[in-house]
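According to this note's numbering, the sequence shown holds residues 2 to 481 in order.
Since the hints were made in silico from the structure, they are not lab data. Note that the structure is predicted; figures quoted are calculated from it, not measured. Cβ atoms here follow ideal geometry from the backbone N, Cα and C, with glycine treated the same way. Treat the hints with caution; some may be incorrect.
Here are the computed lysine to any residue pairs in the SDA-like style, where the Cα-Cα straight-line distance is at most 20 Å [to be verified]:
| no. | residue 1 | residue 2 |
| --- | --- | --- |
| 1 | Lys199 | Glu213 |
| 2 | Lys295 | Ser285 |
| 3 | Lys160 | Ser128 |
| 4 | Lys409 | Phe440 |
| 5 | Lys295 | Glu310 |
| 6 | Lys234 | Tyr246 |
| 7 | Lys289 | Thr386 |
| 8 | Lys327 | Lys283 |
| 9 | Lys283 | Ser293 |
| 10 | Lys284 | Tyr254 |
| 11 | Lys289 | Glu310 |
| 12 | Lys284 | Tyr246 |
| 13 | Lys305 | Phe279 |
Distance windows between CB atoms, simulated [said to hold, decoys possible]:
| no. | residue 1 | residue 2 | range |
| --- | --- | --- | --- |
| 14 | Gln153 | Asp275 | 52 to 58 Å |
| 15 | Tyr146 | Leu354 | 46 to 52 Å |
| 16 | Thr355 | Glu101 | 28 to 34 Å |
| 17 | His149 | Gly287 | 15 to 21 Å |
| 18 | Gln153 | Ser212 | 22 to 28 Å |
| 19 | Phe174 | Met67 | 36 to 42 Å |
| 20 | Thr355 | Ser230 | 40 to 46 Å |
| 21 | Leu445 | Gly287 | 56 to 62 Å |
| 22 | His149 | Leu442 | 48 to 54 Å |
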Amino acid sequence: MKVVKQWDFFFLFLFFFLFMGCQSTFLLLGTTNSLEEPKAEAIGALSEAIYYSLRNKPYEAEQWIMKALQEDPNAYSLHFEAAKIYFQRNRTSEALQAMEKAVRLAPQNSPILLDIGEIYESRGYYSQALKIYISLLKQKRFTRYLVHRITQLLELLGKPQLSQYVYQEILPFLQDPSFKTKIQILLVRSLRMMGKAKEALDYLQQIPNTSEIQREKVLEEIYIYLNQSQNYKALETCYRGLKQYPNDLSLYYALAQIFERQKDLARARVVWKDLLSFVFQKKSQGPKLSLSEKYGLAGEIHIKLGNEEEGVRYLLKSLELNNTNKKSLLILKEYFFQKKDFLLAARFMESYLTRIPYDFEIKGELAYLYSIAGIHLDRAILYGTETLQAFPHHGKVLYAIGWAYLQKYEFQKALASLLQAHIYSPSLETCESLGYLFFCLGNLDDSEKWYERARKYAPHKESILSHLQWINQLKGEFRE
């Protein structure tokens, strides 16, 4: 069959634009690596693969990309295109293998690695994307963009130990003082979230005072003191900050939290009301919030004040303005979850996933919700399994999968997931569920052991005490 068609010139041009034209852009940014082109024999087949891929015909595209790879199996750009086609066909495992092959074949090629990193990120494979971004940053390429991407990914991953490691690793490669101080503040935050309050405070005090980060330093100091239960020092620091930034939303938010920690709910309520009064005013200081974020903050405050209907209305408005505002979505989800309106909570999150299908944090939340509610158990297992690809040690998600399997009477699968959940995130839930699982299996000794562990978390919980009593009765009957 003849490869050349009447528009081959167009698609050959398109190929060079997609795979080699980007080279000139990156050269302008300072890249010195060249982007090697595939062998001439492979280019015609590659143009056909791109043609069918752009027309959403991944089966035909795959046939042509395989032909191109036969001609030139060591061309990383071909493996990169193959990965995109596999993703189109929902063959994730093969797509990831092709991406890894492309990375191995082009370890020093910044443009193609940046493309691969962005595809990993867009598909929710944040750890793989992060690894590539860090390697590029160490080459001192695209620093501004990569610092932004790395910090965003670490925030999504929500692992302070990983954040600490990454920030310490990239700091020596940052020359711009503004980037350096930003990462230093984030490193302090990671240490604080890990419970290393003294280390965080010592490091914070070493960061030079500049007008750009003074406010962030004050906020971190407040939350470090709160972590140490030094509420008076936190309050003192917060008042000092408010003298300098009298209408700062973040400082008012922290002040309300301090009063809540002190059980001074009346004063906390006053501060929440004050904060609510100037959320939408131009005089408010602090981080620049979008209108959606302002409505989300107002909704959160209304719920804290007990104005639940008003709070929900503001949160819905926040999502109407920006249907990918995850913070507003999670507050709304938690509100409906506490009300046990599981279907409504799920509806909002499923709607979000139609727009951002690879947000594994939301999929993990949905897995947990479905599992706890005892509905859509197969979907709970599916979402949970997908989430574990990005967060393999996520205790809450492992628990959700295990509890879903238990409700489906698939006891061995339930046992494997629940034991893993307990290893990575021991909790009342995991202990009680394992106690119940062993009870169902007739293993009274192990059931008793896990219920006793659960009792350490909740000494007076009725369900735990009743099961322990029941186990003792059954053991007595068996002895007789």
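Hints versus structure:
Under the criterion of a C-alpha separation no larger than 20 Å, the hint pairing Lys199 with Glu213 is inconsistent with the structure, at around 24 Å. A distance of roughly 11 Å separates the Cα atoms of Lys295 and Ser285; the hinted pair therefore holds under the 20 Å criterion. Distance hint between Lys160 and Ser128 is fulfilled; the C-alpha atoms sit about 11 Å from each other, no more than 20 Å. For the hint pairing Lys409 with Phe440, the CA-to-CA distance comes to about 16 Å; that is within 20 Å, so the pair holds.
Only pairs whose Cα atoms come within 20 Å are accepted, and Lys295 paired with Glu310 is accepted, the gap being roughly 17 Å. Between Lys234 and Tyr246 the alpha-carbon distance is near 18 Å, which keeps this suggested pair within the 20 Å criterion. For the suggested pair Lys289 and Thr386, the alpha carbons sit about 37 Å apart, so the restraint of at most 20 Å is broken. Distance restraint check for Lys327 and Lys283: the Cα-Cα separation of roughly 24 Å exceeds the 20 Å cut-off, and the hinted pair is therefore not satisfied.
At most 20 Å may separate the alpha-carbon atoms for a hinted pair to count; Lys283 and Ser293 meet this at roughly 15 Å. Simply put, Lys284 and Tyr254 have alpha-carbon atoms about 16 Å apart, close enough for the 20 Å limit, and the pair holds. At roughly 27 Å between alpha-carbon atoms, Lys289 and Glu310 are farther apart than 20 Å, so this suggested pair is violated. At most 20 Å may separate the alpha-carbon atoms for a hinted pair to count; Lys284 and Tyr246 meet this at roughly 11 Å.
Simply put, Lys305 and Phe279 have alpha-carbon atoms about 17 Å apart, close enough for the 20 Å limit, and the pair holds. The hinted window of 52 to 58 Å between Gln153 and Asp275 is violated, with their beta carbons roughly 31 Å apart. With their beta carbons about 27 Å apart, Tyr146 and Leu354 fall outside the hinted range of 46 to 52 Å. Separation of Thr355 from Glu101 is about 29 Å and conforms to the stated range, judged on CB atoms against 28 to 34 Å.
Under the hint 15 to 21 Å, the C-beta atoms of His149 and Gly287, about 20 Å apart, fit the expected range. Checked against the given bound of 22 to 28 Å, the beta carbons of Gln153 and Ser212, roughly 25 Å apart, stay inside it. Evaluation of the 36 to 42 Å hint for Phe174 and Met67 yields a pass: the beta carbon distance comes to about 39 Å. For the pair Thr355 and Ser230, the beta carbons lie near 43 Å from each other, so the given range of 40 to 46 Å is met.
Our hint of 56 to 62 Å for Leu445 and Gly287 holds, since their Cβ atoms are close to 57 Å apart. Under the hint 48 to 54 Å, the C-beta atoms of His149 and Leu442, about 51 Å apart, fit the expected range.
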